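Take a look at the letters that make up each chain.
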Amino acid sequence: LSELEPEIELVHRALAGEEAAFAALCTRSQARLWRTVASVAYGPDVDDLAQEAIVRAYCALRTYRFEAPFAAWLCRIALNVAHDYQRSGWRRRVRFWQETPDAQVEQTEHPEHLLAQREMQRRVRQAVAALPVRQRVPIWLHYFEEFTLAEIARLECTAESTARSRLQAGLRRLSFSLEDLRAGSLEARERTPSEVKGCQI
Amino acid sequence: MKRITRRAEAEERERIEALLRAAADYAPARSAPDGLAARALARHSAVRCAHGRRGRHAVLVGGAALVLLALALRAHWGRRETVVTHPNVVQAPHIEHQSAPEPIPSQPSKMVVSERPERPQRKPDVRIAAHLPAPASHRRHGLRAPKALWRVETVREVRAGVLIPTWMAVPDAEQETVHLRPAVLNIPLQAGESICLAASRERTDVKTLENREETVK
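Line by line, the protein sequences give chains A and B.
Going by the working numbering, the first residue of the first sequence is number -14, and it counts up by one from there.
Going by the working numbering, the first residue of the second sequence is number 10, and it counts up by one from there.
Where hints are given, some of them may not hold.
[What the hints assert, rightly or not] Part of the chain B face toward chain A, derived, beta carbon under 7 Å:
#1 Ala32
#2 Ala41
#3 Ala46
Bear in mind the hints are in silico, worked out from the structure with no lab data behind them.
Because the structure is a prediction, the values reported are computed rather than measured.
Ideal placement from N, C-alpha and C gives every residue a C-beta, glycine not left out.
The following block holds chain A by itself, in its conformation from the complex:
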């Protein structure tokens, strides 16, 4: 299937029962999907969660309304899967060893610093994934996946102002759950104006 084929056309073909079209759609958003589940789960669970999210999306494809980008819709499903995983008994009882540092971390001069930063990022993402559904979806899609508030509002079938107020409520809730983290400890790098544009409220 062509990479340039329009997304809507692929969705229609997937709705007609063509699994290859749905697989092509998922492949386009695979990086977002993988990043979403990998920031919550460890080890082999990441693969399982990603596959579960794809299967859930395939089963619920008829509920897709073509109003928001398919990637946002798929990302929301993956986020819900990650949230369920966080609350599952399996997750609470079984702890995997953390992933071994990848080659990129080992080659740097301060690998422990990079590892600490990764753990901090995971901690923040897991705190967002643990929020109620009305707050976690806008925050995740807006800050992590850089969708605009208008797109999120279309995805959630709400007004843009509602999406903004939910996002602000989520930020207030996060300030309690991430109280022990300090922005300085992360050494947040300066982002270019184009990167910051998506995060303006």
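Chain A is fixed; fit chain B onto it per the hints.
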């Protein structure tokens, strides 16, 4: 005061936003494997097929379980009604204690104490009770005195006897031969019964009954 609060809120919000922007740079240690969607869809199809097979298996297992349950129930009820389980039971001869023929036992005989299932309750012991005074509640409501009193008893009958395995000669008219078939001779020796009042739930001692020769088939 309000200005200070707003300033603190804005600072807190900036702190959280900085954390979120930093977390947005997260890159997984492992990249997504190739063909993830195809594998997920293949697994989904396999699970769907397995669900179909599982349904058929469930129907088969359920049917087998029902058949086993029916057989077990039948065996249970059959055992309750029959005391002697051997296929052939010979009618016991009318035994006088001295003149009883001694069949040759092929195995040592054994005492068998069998207990019948509880009989249905006896006929109620109904007596005219018009002469008795009516209870207070009846008198208060102007009702008439009860006409009868009755007592409910449960009688349990216990029988002891001897089961003797033996051979039975059965003549075959067509071939003019005699077939020996295994059989069990049932000689009842003693019988008794105990009575239990429904109200008290206490049993009387076993009262010996007359010797009755009875064969249970």
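Hints, verified against the model:
The interface hint given for B/Ala32 holds, since its Cβ lies 4 Å from the closest Cβ of chain A, which is under the 7 Å cut-off. A cut of 7 Å between beta carbons decides the hint on B/Ala41: the least distance to chain A is about 4 Å, and the hint holds. Annotation: B/Ala46 was flagged as interfacial toward chain A, and the flag holds, the nearest CB pair being 4 Å apart, inside 7 Å.
Violated hints are absent here; each numbered hint is respected by the structure.
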